[in-house]
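> With the hints as a guide, dock the two chains, each given alone in a separate frame, to form the complex.
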Amino acid sequence: MKISDFKWLFGRNSEFWPTNMKTGMWAWVGHRLTGLVLVAYVFLHLSFISTASLGDGEAGFDDLMATTSQPLFVLMDFVLVIVVIYHAVNGLRVVLFDVGLGIKRQKLVFWIAMAVVAVLVVGGMLAIWHLVFPEGVA
Amino acid sequence: MAEQKRIATSKVAGTWAWFFQRFSAVALIVLLGIHIYISHFSGVGEETGEEPLITFGEVSVRLDQLSYIVVDYLMLAMVLFHGLNGTRTVLFDFEKFARHQKVIDITLFVVGAVTLIWGIVILFPFITSGG
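Residue numbers (my numbering), protein chains in the order written: chain A, -10 to 127; chain B, 162 to 292.
Read the hints as simulated data drawn from the structure, not as lab findings.
Don't take each hint at face value.
Quick list of in silico lysine-lysine cross-link-like pairs, DSS-like style, CA-CA up to 30 Å [said to hold, decoys possible]: (1) K11/A with K(-9)/A; (2) K11/A with K263/B; (3) K(-4)/A with K257/B; (4) K257/B with K11/A; (5) K257/B with K(-9)/A; (6) K263/B with K(-9)/A.
Listed next, the stretches of chain A that the computed footprint assigns to chain B, with coverage defined by at least 3 CB atoms under 8 Å from CB atoms of chain B [as the list claims (entries may be wrong)]: (7) 20 to 28; (8) 32 to 46; (9) 73 to 81; (10) 91 to 102.
From the three backbone atoms N, C-alpha and C, an ideal C-beta is built for every residue, glycine too.
Chain B with its partners taken away, still in its complex shape (with noise of 0.2 Å):
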């Protein structure tokens, strides 16, 4: 009856896995895009900066908008979660790896949310600087 039980919440948690990597997958879709568009095709920023190049003045007055912001913080989560969840998938399609699903599960989540921690932080100089 245990047993019975933890299958069918592994079951759940898979499924909510599955969803949200292509709940994911179709965000970062339209994000990238916007990502891309700003970054190299609006010139917003550009009278700062030598194009093509991208510099840190340039940035900044792009981040100097809350829009930008949410753009690449929401990014980043994405990516995150995609990214982590599409390597566990990948890994575990190993038996070596399978064997030790508890531990890798683990170190996945440790990675993502240092490095979520990582990339909100390292916006910072840009967001402060005031364009």
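Only chain A is shown next, with the shape it has when bound in the complex (with noise of 0.2 Å):
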């Protein structure tokens, strides 16, 4: 298999380039993205709660949390909210789309719900810095 052999996915010419994609394309594209990310996500988030029931029990399991409460940590949960508001806000667009509403204006209501996801994102950032940068920022 070549990387030439993929060129119809990838290529200048195809669909996904990003000049040649439009912004519903966009959305979509990044839809499906974010939702494979989350379904990793959930399995860690199970295999994680599943400490509790191993060897150690109670204290491996808290002492999987001291760890993933460390800055670090709480940055990718950052890149998490990030991502599940996306997938979120885009998913009730396309439920919007079902039944009927708001296709006409259809990239009217992708702009506004990308303002929402920017101003939850705000909001998420605010309610999470804390924990990312417990010194304060200099």
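The following block contains the structure:
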């Protein structure tokens, strides 16, 4: 299998080449990528919770939680927050179109959705930031 | 005639999958909101733990209440359906995977069923510890 075999998918003339994509297509690709990330996260989340059922049980779980509350991990949580918010708001946009609302103004609805995403991400950042920079930012 | 019937059946199945994907989507937004609120903002169970750390004791206090257990298990079921059905949709857009629809359907179903049981069982230590 050669890289050039994937030209239809990633090549300059493919639908997915960034400048060949329209707004809705971007939204669609983003929805799928964030969706797959979230599926991976669910399994990670469950495996972390499983530590309470393993050998050390209670202590093992508390150790893991202490590790994952360190700034670097909270920063990764923040990335997760962005992914979740995008997927949720864009998903609502899809549901809206499915029930027949807003299709005629789909571009406007997309940008309104992205504005809502931006506001929620800033809100999430404000809620989480003191855990990423416990000493405060100079 | 038989062929027609088969297509009709799969169309019905597809519509259900489509509907439940939307239904679970909206349910998950509500459930995730509750999940994040009780995990990080409500302060329930925090008297036993050191803020902002999540501890076994803290989670046990929460999972003493039936409503918390219901929210978690409901979320588990919804997220597994939504995530795996979404994965299925993504896979079948690639001809390579669409050719093996049946194998993938069975695999995803088994993964979902096993993970559901796994997810239910791993909360038992928290539920039975008595907070």
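> Between the stretch 91 to 102 of chain A and chain B, are there enough contacts, at least three residues with CB-CB distance under 8 Å, for the coverage claim to hold?
With 0 residues in contact (Cβ-Cβ under 8 Å with chain B), the coverage given for the stretch 91 to 102 of chain A is violated.
> If you draw a straight line from the CA of K263/B to the CA of K(-9)/A, is it 30 Å or shorter?
holds, 28 Å
> Assess, step by step, whether the Cα of K11/A is no farther than 30 Å from the Cα of K(-9)/A, and give holds or violated.
holds, 28 Å
> For the pair supplied as a hint, K257/B and K(-9)/A, is the alpha-carbon distance within the 30 Å limit?
Holds, at roughly 16 Å.
> Run the distance test for K257/B versus K11/A: straight-line Cα separation, threshold 30 Å.
holds, 25 Å
> Count the residues of the stretch 73 to 81 of chain A whose Cβ falls closer than 8 Å to any Cβ of chain B, and tell me whether that reaches three.
holds (count 4)
> In terms of beta carbon proximity below 8 Å, does the stretch 20 to 28 of chain A have 3 or more residues touching chain B?
holds (count 5)
> Decide if the proposed pair is consistent with the structure: K11/A and K263/B, CA atoms, cutoff 30 Å inclusive.
Roughly 33 Å separates the two Cα atoms, so the pair is violated.
> Does K(-4)/A pair with K257/B here, judged by a C-alpha cut-off of 30 Å?
holds, 16 Å
> For the stretch 32 to 46 of chain A, does the count of residues with a C-beta closer than 8 Å to a C-beta of chain B reach 3?
With 7 residues in contact (Cβ-Cβ under 8 Å with chain B), the coverage given for the stretch 32 to 46 of chain A holds.
Hints 2 and 10 from the earlier list are contradicted by this structure; the remaining hints agree with it.
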